[in-house]
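Peer 1: Just so you know, the protein sequences line up as chains A and B, in that order.
For what it's worth, this note's numbering labels the leading residue of the first sequence as 25, then goes sequentially.
For what it's worth, this note's numbering labels the leading residue of the second sequence as 251, then goes sequentially.
No lab work stands behind these hints: they were computed from the structure.
Just so you know, these numbers come straight off a predicted model, no measurement behind them.
One or more hints might be untrue.
Stated by the list, open to error - In silico EDC-like pairs for lysine to aspartate or glutamate, Cα to Cα no more than 16 Å straight-line: (1) K88(A) <-> E176(A); (2) K242(A) <-> E492(B); (3) K375(B) <-> E282(B); (4) K333(A) <-> E65(A); (5) K242(A) <-> E538(B); (6) K192(A) <-> D302(A); (7) K192(A) <-> E130(A); (8) K242(A) <-> E282(B); (9) K333(A) <-> D274(A).
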Amino acid sequence: MTSARTPGDLRAALAQTIVGQSGVIEALLLALLSNGHVLLEGPPGLAKTLACRSLAAALEGEFKRIQFTPDLLPSDIVGTRVFDQRESAFATVLGPIFANVVLADEINRAPAKVQSALLEAMQERQATIGPQSHPLPDPFVVMATMNPLDSEGTYALPIAQMDRFLMKVNVGYPPREDELRILDRFAVADTQPVRSVATLDDVRRWREQSHAVHIDEKLKRYIVELVATTRDAQSVTVTAPSGATLRVGDLIEYGASPRATLALAFLSRARALLDGRDFALPDDVRAVAPHALRHRIGFSYRLAAEGLKADAAIDAMIAAVPAP
Amino acid sequence: MARRAAAAIAAFALAAVAGIASAQTLARLTVESFVLAADTNAPQVDVPFHLILTLRVRERVTSVENLNLPVLAELELLGDERETTSGSRGTEYRETIAVVAHRAGAIAIGPATLEAVDARDGKAKEWSTNGLTLHVAGAAPQTLKDGASAIEAGAIVFARTLLVGFGIVAVVVAAVLLLGRRPRPAPIVVPPPVTVEAPVRRRSPQEQAGDALVVLRAERSRPSAVAVRAAMWRMVGAGEGETLGDVLGRRDIREGTLRELLIALERSAFTYDDDLPAAIEDACGALERFIGSAG
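The whole structure should be built from the sequences, with the hints applied where relevant.
Peer 2: And the structure:
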């Protein structure tokens, strides 16, 4: 007998616990269904840890949090081998990366060597400790955070490594009415634990369903056109705060890679499934496009010099490509 | 059937494309007449004939934008010729559409529409032509009957040609003698145009949905669904590049049969092939409910 549980049930359960961060919940679920990882950028205190912990609890999965610091070592993440005196042999101790949902907090605070260890594990879905490789659990989702407010003493992630994240989500402050609900709910007691609404087997089944979601030819062309526009955006304009009209192509050093094209397709399928459909729509593509593109485009210094945000340029490019 | 439906879709798509333009800019025109006519009131099955759209405006313009052709669901579109003539008295735009009917009976052709800013009062308006009802006669008599020998048939054709030839020569000689000048080629016989008071009432969304339903029922295919979706989007004023989310976000479309219709059409345009027949059936049902919601 097949389970009737759907990704929508999981979203509803998470929404009951996490207030005002529907975008984060959706990003987590999209990554889960697409078998990818999420990079979150936003100030502290926006329920990122709670979202991760709740997701793991709702799936009866294991949750681990790694606080990235400048003195962190790769073995602190993937694990190490210790000598067992009683057995007179080396034993492997698995690191915190061996969990279903991993929160890599402030990933840009650790040096490149540690970042590489994490990103390699994310890509290969296995970690090598000593002579042996160990497969990571399935499902395996990494949710890495970066704090945009405090950049002193940080190590910027190279673009090639950023590309490993399926999506990057900008987390903003909740609206006032949601903040009132947060106050009512958490001021008198600690967070309510999320009840389990699905299993890891459900997640694997949903992933298969997500891969089977239909993407029409018109949508495929739309996706390719969106990504191509990031590489040649001379005809797209954006208005700077000064009032000047700028060509977006002049603000970009390099556009998104074909991995962005794949990411757009994966995420669109996942969003359709989350919405209960077995076919994707232009709305799906457009909704996920900023998340799939914003960390894959290299903007020049002119963007900041003109007082523009990367998202303004990305929005202009998305708006310039007519949806089918 | 397939050719006829394809023609219907082509005309529908043409109308949809024209509609997209209408959302952008409207020309300022003084419409003097806007007429749809046919070069025959009784066309025959499988014999091409012409629909002639004539627009007269007081301004001198080189082209006419935002002109939407009628849905030709029951006719096959063979070709389209446009001619714009400007002079001191304004501009005459003439579009000749070659079509052919494949079945006998009455065919109703809806009006063509024009969206423009009325130069008389500066307001954006929609003008409509008259509609047409044509009575298509049965198949034309066959020249060669089954079983007749080739020689017999050839003799008949030769005799007829000879007879027609004598007739033409006699008419030409008579005309030259009577008028004392060289004969000119006979012009296309067009019924006298009926001048329509401008502006005519705007076609209701339900009427437009009725056209769409005819098209979707005639050809239950993806291109047809996409064309109908484009037309319905134009009907609700959606611009190029907008998504369903944008359109449904509007206050007047948040609920009701129109919302249901747009969602159903979106499904028929993007769903997988196995689901397409069910999606189109669903869209036809949604169109019927929308049409029925007028009362």
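Peer 1: Now look at each hint and say whether the structure bears it out.
Peer 2: Hint check:
Annotation: proposed proximity of K88(A) to E176(A) is violated, straight-line Cα distance about 26 Å (limit 16 Å). For the hint linking K242(A) to E492(B), the alpha-carbon distance of about 14 Å falls within 16 Å, and the restraint holds. Simply put, K375(B) and E282(B) have alpha-carbon atoms about 14 Å apart, close enough for the 16 Å limit, and the pair holds. At roughly 14 Å between alpha-carbon atoms, K333(A) and E65(A) fall within 16 Å of each other, so this suggested pair holds.
A hinted pair counts as satisfied when its Cα atoms are at most 16 Å apart, and K242(A) with E538(B) does not qualify at roughly 27 Å. Of the supplied pair hints, the one linking K192(A) and D302(A) is violated, its CA atoms being roughly 25 Å apart against a limit of 16 Å. The hinted pair formed by K192(A) and E130(A) meets the criterion: a straight-line CA distance of about 14 Å does not exceed 16 Å. As the CA atoms of K242(A) and E282(B) are separated by approximately 42 Å, the hinted pair breaks the 16 Å bound.
As the CA atoms of K333(A) and D274(A) are separated by approximately 14 Å, the hinted pair is consistent with the 16 Å bound.
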